[in-house]
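S.K.: Listed below are the residues making up each chain.
There are 2 protein chains.
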Amino acid sequence: MPPDPFFAGEGLDRADHLRADPAAIAALLGHGDALQLVWDNGAPSLDERGKLKWQDISGEPPLFLGFDQGAPRFSALPDGSTPANAYAHIHLLALLDVRDAPTFSAALSLANWHRRHGHCSVCGRMTEPNRGGWSRACPNCSAEHYPRSDPVVIMLAEHEGRLLLGRQPQYPEGRYSALAGFVEPGESIEDAVARELKEEAGIEVYDVHYWCSQPWPFPSSLMIGAHATAASDQLIIDKNELDDARWFSRGEVLAALAGGPAAPFQPPPKWAIARTLLDHWVDGLK
Amino acid sequence: MPPDPFFAGEGLDRADHLRADPAAIAALLGHGDALQLVWDNGAPSLDERGKLKWQDISGEPPLFLGFDQGAPRFSALPDGSTPANAYAHIHLLALLDVRDAPTFSAALSLANWHRRHGHCSVCGRMTEPNRGGWSRACPNCSAEHYPRSDPVVIMLAEHEGRLLLGRQPQYPEGRYSALAGFVEPGESIEDAVARELKEEAGIEVYDVHYWCSQPWPFPSSLMIGAHATAASDQLIIDKNELDDARWFSRGEVLAALAGGPAAPFQPPPKWAIARTLLDHWVDGLK
Chain E
1 MPPDPFFAGE GLDRADHLRA DPAAIAALLG HGDALQLVWD NGAPSLDERG KLKWQDISGE
61 PPLFLGFDQG APRFSALPDG STPANAYAHI HLLALLDVRD APTFSAALSL ANWHRRHGHC
121 SVCGRMTEPN RGGWSRACPN CSAEHYPRSD PVVIMLAEHE GRLLLGRQPQ YPEGRYSALA
181 GFVEPGESIE DAVARELKEE AGIEVYDVHY WCSQPWPFPS SLMIGAHATA ASDQLIIDKN
241 ELDDARWFSR GEVLAALAGG PAAPFQPPPK WAIARTLLDH WVDGLK
Chain W
1001 MPPDPFFAGE GLDRADHLRA DPAAIAALLG HGDALQLVWD NGAPSLDERG KLKWQDISGE
1061 PPLFLGFDQG APRFSALPDG STPANAYAHI HLLALLDVRD APTFSAALSL ANWHRRHGHC
1121 SVCGRMTEPN RGGWSRACPN CSAEHYPRSD PVVIMLAEHE GRLLLGRQPQ YPEGRYSALA
1181 GFVEPGESIE DAVARELKEE AGIEVYDVHY WCSQPWPFPS SLMIGAHATA ASDQLIIDKN
1241 ELDDARWFSR GEVLAALAGG PAAPFQPPPK WAIARTLLDH WVDGLK
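Going line by line, the protein sequences match chains E and W.
If you read the first sequence in our numbering, its first letter stands for residue 1, the second for the next number, and so on.
If you read the second sequence in our numbering, its first letter stands for residue 1001, the second for the next number, and so on.
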């Protein structure tokens, strides 16, 4: 098994059973050790060591994030006027402490969802946070809406010892990474891996294996990492999706992960599940 | 690897690249072999052999489902007045031909999503089908909304050769099945498996392994099947979620799958991924 990707792993005790009990949540707001998350320009705020910042409870923050060793943790909804660019805060990940990453991810995903889901999709009326902020309820049509977590497949296709990696147009110069795409309604994970590799690179694959998964709060995806074996190395690249895609040998991938001037490409950063997949592949633990 | 669950596997060629080209889709409506899905009371209609029913194109059905061996397949949106009960059509699965199951699942999931997402969640205005029905666009605020596919973990916890199965209140009499729950924002698949088993059954697990996945159109989930090892067999059952949960030996599971009067419980039906997981477990192929 690959190691846990960044963002995965134990965060706060979510205490889901309390969400249906508004009186219990209200009482926790008065708990002596209760704190609420500090936000800065639409993202959780970090101190100079990369730890999440917390402050005393002010008013009635609607998101109940859970317990940190018995101490309740809440959050307000960040100012809705902040830009909705999903990647606006990705630079924070270079600083973020890995132990705070699960809580950062949960809070930012949830805030991103509230920011774009103020209205009821059934009837159009304004909705209200409900269940400690883990749903929104419509006072008009009674619909209840739950946060989205969109499954995305991200995969290493392999052919005779070489790996397929691609470049999206928005990547930094020299970056190559795993191909990826959203799982669509009516597809299994394995179906989506095969379809995306066919669409973006023109290859047929078999023997699709799940490796690991990662919650990704830009804005709110579940990244599902997999490995697939390609029947051929003949590529037909979809230039609407990718600038380029190429096969890399194990030696080239090792050199890229080692970095330095001889690196044949720039690998994805440590917080990307694509990096976890590459590290796992070169470790030969498949 | 377990076999493909019901609903998974190859369906229509989705031809995703055409969705951004309204003129191409409009031209396909005039294709000599184009057909559109027949709906009956909010679900795809089946003939007496369990095959999907298709009819000649009428008007401009907004959903482009893809190609069946080069022949375009479309669908209208079913009447919005039909009941939104997610399980209203589950009885159809006893008849549905397995080869038509992926298309049934994609069409029903997509229709379920359109039915509950007529309004823009950002600004509340009515939206319009876009990209051949694979998104909805807001003419007011320009937001584009994509169909949901909600990841759900469903898992067999094992302790010293016995499996944990539970009963939800709405199950038919005698039914026991795998425990399950939605993956929440900020969680990996493995995190969600551990949290749900702790919440619903009070057990700590380790060594979580993915097995297989299934698109589930009631209303639009991605079922993610896994196996976990429990540290202890001491249960604390959440009676708000489950009527009961018990450990079953391999012999009991085998007897249940064999059916008949001596069956210790009624297993989930063949179209449920929980059945695929049980079949896989008794085959000992883990």
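In case anyone wonders, no lab produced these hints; they're calculated from the structure.
Note that beta-carbon positions come from the ideal geometry of N, C-alpha and C, so glycine has one too.
Just to be clear, a hint being listed does not mean it is correct.
Unchecked claim - Label-pair distances were calculated between CB atoms; the ranges are: (1) E:Glu-10 <-> W:Arg-1049: 45 to 53 Å; (2) E:Leu-254 <-> W:Leu-1095: 41 to 49 Å; (3) E:Gln-168 <-> W:Leu-1254: 22 to 30 Å; (4) W:Val-1098 <-> E:Asp-56: 56 to 64 Å; (5) E:Asp-21 <-> W:Asn-1041: 34 to 42 Å; (6) E:Asp-40 <-> W:Cys-1141: 22 to 30 Å; (7) E:Asp-56 <-> W:Asn-1041: 49 to 57 Å; (8) E:Ala-23 <-> W:Tyr-1206: 53 to 61 Å; (9) W:Ile-1237 <-> E:Asn-240: 31 to 39 Å; (10) E:Val-98 <-> W:Leu-1095: 16 to 24 Å; (11) E:Val-38 <-> W:Gly-1070: 51 to 59 Å; (12) E:Asp-40 <-> W:Leu-1077: 55 to 63 Å; (13) E:Glu-10 <-> W:Tyr-1171: 29 to 37 Å; (14) W:Tyr-1206 <-> E:Tyr-206: 27 to 35 Å.
Said to hold, decoys possible - For the chain W half of the interface with chain E, some residues (derived, Cβ under 10 Å), not all of them: (15) Glu-1128; (16) Cys-1212; (17) Ile-1237.
Stated by the list, open to error - A few chain E positions that, by computed beta-carbon distances, are all more than 10 Å from chain W: (18) Leu-29; (19) Asp-97; (20) Glu-128; (21) Trp-134; (22) Gln-168; (23) Glu-173; (24) Pro-185; (25) Glu-187; (26) Phe-265.
S.K.: Are the hints correct? Go through all of them and say.
M.R.: Outcome of the hint check:
1. The supplied range of 45 to 53 Å is met by Glu-10 (chain E) and Arg-1049 (chain W), whose beta-carbon atoms lie about 50 Å from each other.
2. For Leu-254 (chain E) paired with Leu-1095 (chain W), a C-beta distance near 54 Å fails the hint of 41 to 49 Å.
3. Against the hinted window of 22 to 30 Å, the Cβ-Cβ separation of Gln-168 (chain E) and Leu-1254 (chain W) comes to about 49 Å, which falls outside the hint.
4. Range check, Val-1098 (chain W) to Asp-56 (chain E): about 58 Å between beta-carbon atoms, so the 56 to 64 Å window is met.
5. Judged by the Cβ atoms, the range 34 to 42 Å given for Asp-21 (chain E) and Asn-1041 (chain W) holds: they are separated by roughly 38 Å.
6. In this structure the hint that Asp-40 (chain E) and Cys-1141 (chain W) lie 22 to 30 Å apart at CB holds, the actual value being about 26 Å.
7. Taking 49 to 57 Å as the suggested C-beta distance range, the pair Asp-56 (chain E) and Asn-1041 (chain W) conforms, at roughly 55 Å.
8. At roughly 35 Å, the beta-carbon separation of Ala-23 (chain E) and Tyr-1206 (chain W) lies outside the given 53 to 61 Å, and the hint is violated.
9. Separation of Ile-1237 (chain W) from Asn-240 (chain E) is about 51 Å and departs from the stated range, judged on CB atoms against 31 to 39 Å.
10. At about 51 Å, the CB distance of Val-98 (chain E) to Leu-1095 (chain W) disagrees with the hint of 16 to 24 Å.
11. Between Val-38 (chain E) and Gly-1070 (chain W) the beta carbon distance is about 57 Å. The supplied range of 51 to 59 Å therefore holds.
12. Hint check: Asp-40 (chain E) to Leu-1077 (chain W), Cβ distance near 43 Å, so the stated range 55 to 63 Å is violated.
13. With their beta carbons about 31 Å apart, Glu-10 (chain E) and Tyr-1171 (chain W) fall inside the hinted range of 29 to 37 Å.
14. Under the hint 27 to 35 Å, the C-beta atoms of Tyr-1206 (chain W) and Tyr-206 (chain E), about 31 Å apart, fit the expected range.
15. Hint status for Glu-1128 (chain W) relative to chain E: violated, with the closest Cβ pair at about 14 Å, above 10 Å.
16. With its C-beta approaching chain E no nearer than about 7 Å, Cys-1212 (chain W) sits inside the 10 Å limit, and its interface hint holds.
17. The closest approach between the C-beta of Ile-1237 (chain W) and any C-beta of chain E is roughly 13 Å, which is over the 10 Å cut-off, so the hint fails.
18. In this structure Leu-29 (chain E) is separated from chain W by more than 10 Å, as the shortest Cβ-Cβ distance comes to about 21 Å.
19. For Asp-97 (chain E), the shortest C-beta to C-beta distance to chain W comes to about 15 Å, beyond the 10 Å cut-off, and the non-interface label holds.
20. At roughly 14 Å, the least C-beta separation between Glu-128 (chain E) and chain W is larger than 10 Å, which holds for a residue marked as non-interface.
21. At roughly 7 Å from the closest C-beta of chain W, the C-beta of Trp-134 (chain E) falls inside 10 Å, breaking its exclusion from the interface.
22. No beta-carbon of chain W comes within 10 Å of the beta-carbon of Gln-168 (chain E); the shortest separation is about 16 Å.
23. Every C-beta of chain W lies more than 10 Å from that of Glu-173 (chain E), the closest at about 27 Å, which supports listing it as non-interface.
24. Interface exclusion of Pro-185 (chain E) from chain W breaks down, the closest Cβ pair being 3 Å apart, not more than 10 Å.
25. Non-interface call for Glu-187 (chain E) relative to chain W: violated, since the shortest CB-CB distance, roughly 6 Å, does not exceed 10 Å.
26. Against the 10 Å criterion, Phe-265 (chain E) stays outside the reach of chain W, whose nearest CB is about 26 Å from its own CB.
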